[in-house]
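A.B. asks: What follows is each chain in one-letter form.
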Amino acid sequence: MRILAVFVGLCLVFMFVWERVDMVRVGYQIERLKHDRVMLQRERDELQVKFSALSAPDRIAKVASEKLGMGLPQQGQVIMVQSRPDGGPGPQVAPGEVRVAKNDLPGGRR
Amino acid sequence: MAGPLSRGRRYVVLLLLLCGFGVVLFRLVTLQVLQAAELTVKADRQHQKTVSLEGARGTIIDRHGKMLAMNMEVPSVFGVPTALDSPAKTARYLSPVLHVSTGELERKLRQDRGFVWLARKMDPEQGRRLERMPMDGIGVVMEGRRFYPKGPLLSHVLGFAGMDGEGLEGVERRYESHLHGEKRVTVLQRDALGRTVFPKGLAEQNPAPGHSLVLTIDEVIQYITEKELEEAVTRAHAKSGTMIVLDPQTGALLALAISPRFDPNAVAALGPDRWRNRALTDAYEPGSTMKAFVAAAAIEERVMTPTTMVFGENGRMAIANTVIHDHEKLGWVTFAQVIQKSSNIGAAKTGMALGDQRLYRYLQGFGFGQRTEIDLPGEAGGLVKNPRDWGRRSVASISMGQEIGVTPIQMVSAIGAIANGGVLMKPYVVSEIRDAQGRVLKQTFPQVKRRVVSPETARTVTTILEGVVTDGTGGKAAIPGFRVAGKTGTAQKIDARTGAYSATQFVGSFVGFAPADNPRLAMIVVIDEPQGEAWGGTVAAPVFRRVGEQVLNYLGVSSNEPVKLAMASEGR
Numbered sequence: 001m002r003i004l005a006v007f008v009g010l011c012l013v014f015m016f017v018w019e020r021v022d023m024v025r026v027g028y029q030i031e032r033l034k035h036d037r038v039m040l041q042r043e044r045d046e047l048q049v050k051f052s053a054l055s056a057p058d059r060i061a062k063v064a065s066e067k068l069g070m071g072l073p074q075q076g077q078v079i080m081v082q083s084r085p086d087g088g089p090g091p092q093v094a095p096g097e098v099r100v101a102k103n104d105l106p107g108g109r110r
Numbered sequence: 001m002a003g004p005l006s007r008g009r010r011y012v013v014l015l016l017l018l019c020g021f022g023v024v025l026f027r028l029v030t031l032q033v034l035q036a037a038e039l040t041v042k043a044d045r046q047h048q049k050t051v052s053l054e055g056a057r058g059t060i061i062d063r064h065g066k067m068l069a070m071n072m073e074v075p076s077v078f079g080v081p082t083a084l085d086s087p088a089k090t091a092r093y094l095s096p097v098l099h100v101s102t103g104e105l106e107r108k109l110r111q112d113r114g115f116v117w118l119a120r121k122m123d124p125e126q127g128r129r130l131e132r133m134p135m136d137g138i139g140v141v142m143e144g145r146r147f148y149p150k151g152p153l154l155s156h157v158l159g160f161a162g163m164d165g166e167g168l169e170g171v172e173r174r175y176e177s178h179l180h181g182e183k184r185v186t187v188l189q190r191d192a193l194g195r196t197v198f199p200k201g202l203a204e205q206n207p208a209p210g211h212s213l214v215l216t217i218d219e220v221i222q223y224i225t226e227k228e229l230e231e232a233v234t235r236a237h238a239k240s241g242t243m244i245v246l247d248p249q250t251g252a253l254l255a256l257a258i259s260p261r262f263d264p265n266a267v268a269a270l271g272p273d274r275w276r277n278r279a280l281t282d283a284y285e286p287g288s289t290m291k292a293f294v295a296a297a298a299i300e301e302r303v304m305t306p307t308t309m310v311f312g313e314n315g316r317m318a319i320a321n322t323v324i325h326d327h328e329k330l331g332w333v334t335f336a337q338v339i340q341k342s343s344n345i346g347a348a349k350t351g352m353a354l355g356d357q358r359l360y361r362y363l364q365g366f367g368f369g370q371r372t373e374i375d376l377p378g379e380a381g382g383l384v385k386n387p388r389d390w391g392r393r394s395v396a397s398i399s400m401g402q403e404i405g406v407t408p409i410q411m412v413s414a415i416g417a418i419a420n421g422g423v424l425m426k427p428y429v430v431s432e433i434r435d436a437q438g439r440v441l442k443q444t445f446p447q448v449k450r451r452v453v454s455p456e457t458a459r460t461v462t463t464i465l466e467g468v469v470t471d472g473t474g475g476k477a478a479i480p481g482f483r484v485a486g487k488t489g490t491a492q493k494i495d496a497r498t499g500a501y502s503a504t505q506f507v508g509s510f511v512g513f514a515p516a517d518n519p520r521l522a523m524i525v526v527i528d529e530p531q532g533e534a535w536g537g538t539v540a541a542p543v544f545r546r547v548g549e550q551v552l553n554y555l556g557v558s559s560n561e562p563v564k565l566a567m568a569s570e571g572r
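Protein chains in written order, with the numbering used here: chain A, 1 to 110; chain B, 1 to 572.
Hint data in this document are derived by calculation from the structure and do not stem from the laboratory.
This one's a predicted model, so the numbers in the text were calculated from it and none came from an experiment.
Please note: incorrect hints may appear among the correct ones.
Quick partial rundown of chain A residues pointing at chain B, CB under 10 Å, derived from the structure [to be verified]:
#, residue
1, Ala5
2, Lys34
3, Asp36
4, Val38
5, Gln48
6, Ser55
7, Pro57
8, Val63
9, Ala64
Below, simulated DSS-like cross-link-like pairs (lysine-lysine); rule was C-alpha separation at most 25 Å, straight line [stated by the list, open to error]:
#, chain 1, residue 1, chain 2, residue 2
10, A, Lys67, B, Lys227
11, B, Lys108, B, Lys121
12, A, Lys34, B, Lys385
13, B, Lys108, A, Lys67
Residues of chain A clear of chain B, computed beta-carbon distances all greater than 10 Å [said to hold, decoys possible]:
#, residue
14, Met1
15, Ile3
16, Leu12
17, Phe14
18, Val17
19, Trp18
20, Glu19
21, Asp22
22, Lys50
23, Phe51
24, Glu66
25, Met70
26, Met80
We put the CB at the ideal spot given by N, CA and C, even for glycine.
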C-alpha cells in the first residue's frame with residue numbers, strides 16, 4: 001500500500017513537471033507559428049500591393065497602346081446588344097428594335 | 001576501519017550543518033522577504049517585455065473592390081549611439097542600404113542619446129538586406145506603412161496618412177475613427193534568449209484591424225477623367241483643372257480629378273497647395289454656367305417660358321452706372337436663345353424680373369452658399385451674400401455668375417438636380433464601411449436634400465440646355481449618339497493686385513449631363529487660367545465630350561442612334 005502511494009505521488013509529480021515542460025514547448029511552438037503567420041501575411045500584403053500596382057488602369061492603358069498596339073474604339077465602333085430577356089444564348093435579334101451604334105468611321109471608312 | 005564518531009565530533013558536524021542551513025535560511029529570508037519587492041521588479045524587467053500593438057489600418061477600395069489604399073508592415077531602423085564603437089564606420093556601412101547620406105547618418109549616430117531613428121518605413125527589400133548584415137547598436141522594428149498602389153490616381157479624394165499612420169487629408173482624415181486599428185499595450189514573457197514564451201493568455205487576440213471603406217468611385221472612370229483633364233490642362237497651359245463625375249440620380253461620386261495630381265506615397269516634399277481638394281475648398285465665380293439655374297428659377301416662377309421674347313439691347317446695356325456687354329450683338333431673341341447664346345444682358349433681365357428675394361431663394365435651393373455636406377474634409381460653403389447686402393447691380397451680376405462664389409462640387413450637385421427631375425441629392429463618396437471579416441457595418445443610401453424645381457421645369461430647362469450643345473456655345477460638348485445638356489461658362493478672375501476683373505486671367509468651365517433623356521452622368525469641368533483661347537466652350541466642353549463618350553461606352557449605355565444590324569455587319 002505504501003509503495004502504491006509513493007508510486008502515485010511520483011506519477012503526480014512527474015505529470016506536473018511534464019505538463020510544465022510541455023507548456024513551455026507548446027508556447028515556443030505557438031510563437032513560431034505566429035511568426036510564420038506574420039511573415040506570410042507580410043508576403044501576402046507585399047504581393048497585394050504589387051498586384052494592385054500592376055493592375056492600375058494607367059499602366060494597363062500604356063501596355064495596351066504601346067506594346068499591343070491597341071487604341072480606344074472610334075465613334076460608332078462600340079455596339080451595344082441587348083441580351084435575351086429569357087437568358088438564352090445570343091442577342092435578341094430584332095433589327096428594327098436593337099439599338100446599335102452606327103458603324104461608320106469618320107471620313108467614310110468602315 | 002573508522003570507529004563511531006565521538007560525541008564531540010557529532011556536535012561539530014551538527015553545528016556545521018546548522019551554520020550551513022542558517023546561512024541558506026538567512027539568504028532565503030533576505031531574497032524572499034527583505035529584497036522581495038526590489039528583486040521582483042528586476043526580474044519582471046528581465047522576463048517581461050511591454051509591447052505596443054496596433055491593428056492594421058483599414059483598406060480603401062473602389063466600388064468594384066479594386067484596392068486603392070492598404071497597409072503593409074515595413075522595416076524601420078534605429079540606432080543606439082551609446083552602444084556604438086565607431087559611428088563613422090557604421091554610417092558608411094549603412095548608407096547605401098538606407099539611402100541616407102553618410103554625413104546625415106553619422107550626425108545622428110554621434111548624438112548623446114540612447115535611441116535615434118535612422119530610417120523609418122523603408123521598402124521591404126531594404127529590410128531584407130539589413131537582415132543579412134546584423135550589427136551591434138543597430139536595430140530593426142516593423143511598422144505599418146500606408147501604400148497607395150495606384151500612385152496618383154484619386155489622390156485628392158483619398159488624401160494620405162502621416163508617418164504615424166494617422167489620416168491627414170481626404171477620406172483618410174474624414175474616416176480616421178473607422179480606419180485606424182485598435183491600439184493596445186500588452187506584456188509578454190521572454191526567456192534568457194529573449195524569445196517570447198507563454199504569451200499572456202494564449203487565447204488573447206491580436207488587436208482588431210481598422211474598418212475598410214468602399215468608395216462610390218469607379219477606378220476606370222477616375223482614370224479616364226484624370227487622363228483627359230490632365231491633357232486639357234497641359235494643352236491649354238492652364239494653372240490647374242478640376243473635374244467631377246456624379247451619378248445625378250443618387251449623388252454618388254464616380255470620379256473627382258484635380259490637375260496637377262500628386263502621389264500620396266511621397267507627400268513629404270509637397271505643400272498643401274498641391275494636395276488641397278480644390279473641388280471642395282476653392283470657390284470661384286462661375287460666370288455663365290449660373291444662367292442655367294437662373295433659367296430654372298425663372299421658368300419655375302413663370303417669369304419666363306422658352307418662347308418668351310427678350311430684347312438683347314444689341315449687345316450693350318447700361319445698369320447702375322456700369323455697362324453690361326454681350327459677346328454677340330443680339331436683338332429680339334427667345335428666352336431659350338438667351339441661354340443658348342449665353343447672353344449676359346438676357347440673363348440680367350431675367351434676374352431682375354425674378355427680383356432679389358426669389359433669386360436668392362433659388363440660389364439657396366440649388367445649394368449655393370452652403371456646404372453640400374459631402375463626406376470629405378475641408379469643404380467651403382462658397383459665397384452668396386444676403387440680399388440686404390446686395391448693391392444696385394447685384395441681381396444682374398449674380399444672374400450672369402458674378403458676385404457669387406461657388407465650388408465645383410456645389411455646381412455639379414446643382415446641375416444634378418436639374419438632371420434628376422428637380423430633386424437635389426446629397427453627394428457622397430463612401431458607400432460602405434466594413435469590418436475585417438467583410439461584414440457591412442454601415443451603408444450609405446442616396447439622400448434627397450430637397451426638391452428645388454418641378455419635374456416639368458427640370459424637363460424644360462433640360463431642353464434649353466440641350467440647345468446650348470446643339471445650337472449654342474457648347475457645341476464641342478456634343479457626344480455622338482447621345483443627347484447632351486449643359487452650359488458653358490467663362491469667368492474673368494479678380495486680379496489680386498488691382499482688385500478688379502483681370503483681362504488676362506479666366507476660368508473656363510462646362511457643366512452638364514448625359515444622356516439628357518435618361519441622365520447617367522452629371523459632370524463639371526473647370527479649367528483655371530487657360531492661356532490663349534479661354535472660352536469654356538473651347539477649353540472645357542471638349543473634355544466633357546471625351547470623358548462622357550468613354551464613360552458611357554464603359555457603362556454600356558446605349559446610343560440614341562438605332563441602326564439596323566445589317567449595317568453593322570456590312571462594316572466588318
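A.B. asks: Which numbered hints does this structure break?
C.D. replies: Violated hints: 1, 3, 8, 9, 12, 13, 22, 23, 26; rest satisfied.
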